[in-house]
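Take these sequences, add in the hints, and give me the full structure.
Each chain is listed here by its residues.
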Amino acid sequence: MSVDLSNVRNIGISAHIDSGKTTLTERILFYTDRIHAIHDVRGKDGVGAKMDSMELERERGITIQSAATYCNWKGNDINIIDTPGHVDFTVEVERALRVLDGAVLILCSVGGVQSQSITVNRQMDRYNVPRISFINKCDRTGANPERVTGQLQDKLGLNAHMLQLPIGLENDLEGIVDLVTMKAIYFDGDNGEIIREEEIPAELKDAADEKREELLDAVSMFSDELMEAMLEETEISTDMVREAVRAGTLALEFSPVFIGSAYKNKAVQPLLDAVEYYLPCPTDVENLGLDLDKDEEEFPVSNNDDDPLIMLAFKLEDGRYGQLTYVRTYQGRLNKGDTVFNTRTGKKVKVGRLVRMHSDEMEEIDSCGSGDIVALFGVDCASGDTFTDGKLTCSMSSMHIPEPVISLAIIPSDNKAQINMSKALNRFTKEDPTFKTFVDHETNETIISGMGELHLEVYVERMKREYGAEVEVGAPQVAYRETISQRAEFNYTHKKQTGGSGQFGRVAGYMEPLEEGEYEFEDKIVGGSIPREFISSCDKGFQKSLAKGTLCGSPVTGVRCVINDGSFHAVDSSDVAFQLAAVGAFKEGYIKAKPAIMEPIMKVAVEGPSEFQGAVMGSINQRRGMIIGTTEEGTYTVVEAEVPLSEMFGYSTSLRSLTQGKAEFTMEFASFKPVPKSVSEELIKKFQDEKKEK
Amino acid sequence: MGKEDLVSNNPLRALGFEKDEAADTRRIGLVMARAGLGKTAILVQIAMDSMLRDNKILHVAIGEGVDKTRTWYDDILTLTNDEEKLDNFQQVVDEIMQNRMIMTFKENSFSLATLEERMEDLSSQGIFKADCLVIDGFDFSDSDRTKALAELKTFMESNNLKMIWFSATCHRDDERVSANGVPAPCHDFDDVFDTVLLISPEGGNINLKTLKCSKACAVDAGKSLILDPATMLIKKA
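Chains R and U, in that order, are what the protein sequence lines are.
Mind the numbering: the first sequence is residues 1 to 694 in the numbering used here, read in order.
Mind the numbering: the second sequence is residues 1001 to 1237 in the numbering used here, read in order.
Hint data in this document are derived by calculation from the structure and do not stem from the laboratory.
Backbone N, C-alpha and C define an ideal beta-carbon position, used for all residues, glycine too.
A portion of the hints provided could be inaccurate.
To be verified - DSS-like, lysine-lysine: derived pairs with alpha carbons at most 30 Å apart:
1. R/Lys662 - U/Lys1106
2. U/Lys1129 - R/Lys155
3. U/Lys1085 - R/Lys155
4. U/Lys1129 - R/Lys673
5. U/Lys1056 - R/Lys677
6. R/Lys155 - U/Lys1106
7. U/Lys1106 - R/Lys211
8. R/Lys155 - U/Lys1068
9. R/Lys662 - U/Lys1129
10. U/Lys1085 - R/Lys677
11. U/Lys1209 - R/Lys673
12. U/Lys1153 - R/Lys603
13. R/Lys603 - U/Lys1056
14. U/Lys1068 - R/Lys673
15. U/Lys1129 - R/Lys677
16. U/Lys1085 - R/Lys592
17. R/Lys673 - U/Lys1085
18. U/Lys1085 - R/Lys594
19. R/Lys603 - U/Lys1085
20. U/Lys1085 - R/Lys524
21. U/Lys1129 - R/Lys603
22. U/Lys1106 - R/Lys603
Unchecked claim - Calculated from the model, a selection of chain R residues having no Cβ within reach of chain U, i.e. all distances over 10 Å:
23. Asn159
24. Tyr186
25. Lys336
26. Gly474
27. Phe504
28. Phe521
29. Glu632
Structure follows, in structure tokens:
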């Protein structure tokens, strides 16, 4: 194993769905001798690509979980995380980006920068990940890498420049011109494994010269040496250009663009070279830990093998041999048999087995050092936990986890399914922080919630396939909220003086809408009309009332409760009496405060050929959506809208049929907004009917 | 306090243009300025004035994204509310935003014919029937496009539009002007526009000058307003 960290690259491969990430990874593994045959994603050979290790992934042709793999290219250790392309799984992308030092953004040469690429780019910005772009599928009809590079500049705001030119395009794609070495490169052999370097074809010479000039102009600001050589018109060496490109890329001020076709085995090897030349090694980037002894003060991790161990568990998988925990080591060394300390739980655990992952196969190793990505066996922890050797009390920075927006009830078919379902849910919730589960005590149903229909659908499928848990699935439910629209006063007396010990408490005050935040309580009691010891009882009573609103039974948010008067009884007043008085007061005030039901509104972007723009807008309009705008770019149009989540169920099917499968959409939570009167009446009626049935 | 309070300080109103709209005329307006002086901010204020009077506005941005255009509206609404402090601000915003749609085009994919086709798509399905258009980023130096301007009146009539406002960039080193004082590149066809406003920096202030007004217009040409350079809202004494 290499110790010199300058030869280590931890990279992610992120992109829009179907832009060929998994195919590209497959080729990388082939050229680095990790696999000895190439299988396609939706391959006729029935084997499927190496990185899509889950049965479901192979069947759908999309990557659901990021599998980590390792390869060695020209003496460089490269750890690759293949990440999912669908927006429902972005937590996987985010987790991968958190632990990686650099990334390759894959784009389709026809589709260009699509909505998911924008999301992924935003995520890379959030974690300051230096990136290079690979414009894939240059063999496809309509391929136009130059247009896509323009989109990288316009849509993503990247200082993107091509470092290569295509030799032919679409069916005629033969190879590339490297603008740094000024050589033409061809890929011969059955699998493009034989690289042939030639002089640049005469017809491309002028274009190559012009593009190289543009490139040098763009990167010269990152290297004084290059700038000087350009001004003095002395010879510009290949290393000089590479160093300038690398400096710009690491500073996140330049983004080199490479082109090729993974499927046709063209130009994957130069991309691997680019990973070495332009993406950072672990010591090139600053990773910050939080010192828990110093009020979470940030400190840079050292990347030094001799310092105390710090590593982050960023992904869990439950495999045949127990829980597999993927970790990134930030400093220190970990040996097989060492005991590590989980800073969240305070528990010590022994690392029995240490493996390097290659999709679902593994390789036993004895130790790992800083900058490494490996997997541990039999370590009980949750995703996001930090491990140390006990000498440090620190945590790596927390990860951004979005709140779930959709839920559905699942009912196991029998007792066996119930047991298996519990096991599956236990594992899934540990693995994926955006997937949550709880039991609704009124209906006794198990509810799962997540980031979208597909997200939940995949977990239900996995429950069936991996755990044999047959479950019936209820209709997806939207997480409604209730709130109040105006100030209202309350003055409620709770009195029970029949049989046993009495109860007495009077609570008076008002409630008002709260602009920011979910709930606030203020005590304005003067003169002891409610004794101090019962003030918190009032707060508790209000909080109990918030759990379930009276309109549709959803949680109440955005309420400020203020108490300013009350009365008590020397004998009959108690904690319970004041809690019940507050519950009664809340009910009294709530009705007067014009309560309203709020629903989650999603920001939806539908992207497809312009000819379907009218149909797409019509479909959004039918779903109570408000179209914010449309962006027309040549033959493609993006329609952006805000649509209630409740109206988005089944939209993917309907969109497919409307657009002959040529349009796709992404959505993310935008805000909560009041539901229209008709919907509100319907929800209230449904809630009343359900109450009567009970 | 209601949504009316949000437009009381609108440049169009301050200049007296609301009388012009009452006259039920079809008006074509133009806001000119050198690059970076705030043409979009003025167009957005003009659009908002119209939206607050329950007109449906289609904001066409050429060479800009939907998000950036939307941010202009959000920023100007927030700035206006900082002064007016509406109790039900979010409710008012949600209400008036129903009256706006943004359509963006790449420079090379925009034409009035494509725009008309898209507007037809929207209105035939009952999704959005624009009363007014705001076109930001129209290239007046492209002679093919400017030829189409001659058809604007017909375009307005066939789409039943009350007004169209354009923005145009003028350049410091191009001194050509029309008889009305309208700078290049619009000096040759300033007859197309009923109203022409010019944003010009003077001293530490930004002035919004009325260069041209149609006969029906109640505003005197030459009248001007002082804008706050930080917010592009009318500067208060």
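Now for the hints, and whether the structure bears them out:
1. R/Lys662 - U/Lys1106: Within the cut-off at roughly 21 Å; holds.
2. U/Lys1129 - R/Lys155: Since the Cα atoms of U/Lys1129 and R/Lys155 sit roughly 29 Å apart, the hinted pair holds (cutoff 30 Å).
3. U/Lys1085 - R/Lys155: Violated, because 35 Å separates the two Cα atoms, which is more than 30 Å.
4. U/Lys1129 - R/Lys673: 24 Å, holds
5. U/Lys1056 - R/Lys677: 23 Å, holds
6. R/Lys155 - U/Lys1106: 11 Å, holds
7. U/Lys1106 - R/Lys211: 24 Å, holds
8. R/Lys155 - U/Lys1068: It holds: about 11 Å lies between the C-alpha atoms, which stays within 30 Å.
9. R/Lys662 - U/Lys1129: 27 Å, holds
10. U/Lys1085 - R/Lys677: The hint holds at about 27 Å.
11. U/Lys1209 - R/Lys673: 41 Å, violated
12. U/Lys1153 - R/Lys603: Outside the cut-off at roughly 37 Å; violated.
13. R/Lys603 - U/Lys1056: Judged against 30 Å, a Cα distance of about 22 Å means the pair holds.
14. U/Lys1068 - R/Lys673: With a Cα-Cα distance of about 23 Å, the restraint between U/Lys1068 and R/Lys673 holds, given a limit of 30 Å.
15. U/Lys1129 - R/Lys677: Roughly 24 Å between the alpha carbons, so the hint for U/Lys1129 and R/Lys677 holds.
16. U/Lys1085 - R/Lys592: Since the Cα atoms of U/Lys1085 and R/Lys592 sit roughly 25 Å apart, the hinted pair holds (cutoff 30 Å).
17. R/Lys673 - U/Lys1085: Roughly 21 Å between the alpha carbons, so the hint for R/Lys673 and U/Lys1085 holds.
18. U/Lys1085 - R/Lys594: 22 Å, holds
19. R/Lys603 - U/Lys1085: 27 Å, holds
20. U/Lys1085 - R/Lys524: 27 Å, holds
21. U/Lys1129 - R/Lys603: With a Cα-Cα distance of about 23 Å, the restraint between U/Lys1129 and R/Lys603 holds, given a limit of 30 Å.
22. U/Lys1106 - R/Lys603: Within the cut-off at roughly 23 Å; holds.
23. Asn159: 18 Å, holds
24. Tyr186: About 34 Å separates R/Tyr186 from the closest Cβ of chain U, which puts it past 10 Å; holds.
25. Lys336: Answer for R/Lys336: holds, closest chain U Cβ roughly 51 Å.
26. Gly474: Since the minimum Cβ distance to chain U is about 32 Å, R/Gly474 lies beyond 10 Å and the statement holds.
27. Phe504: Consistent with the label, R/Phe504 stays out of reach of chain U, its closest Cβ about 38 Å off (over 10 Å).
28. Phe521: Consistent with the label, R/Phe521 stays out of reach of chain U, its closest Cβ about 23 Å off (over 10 Å).
29. Glu632: 5 Å, violated
Of the numbered hints stated above, those contradicted by the structure are hints 3, 11, 12 and 29, listed in ascending order.
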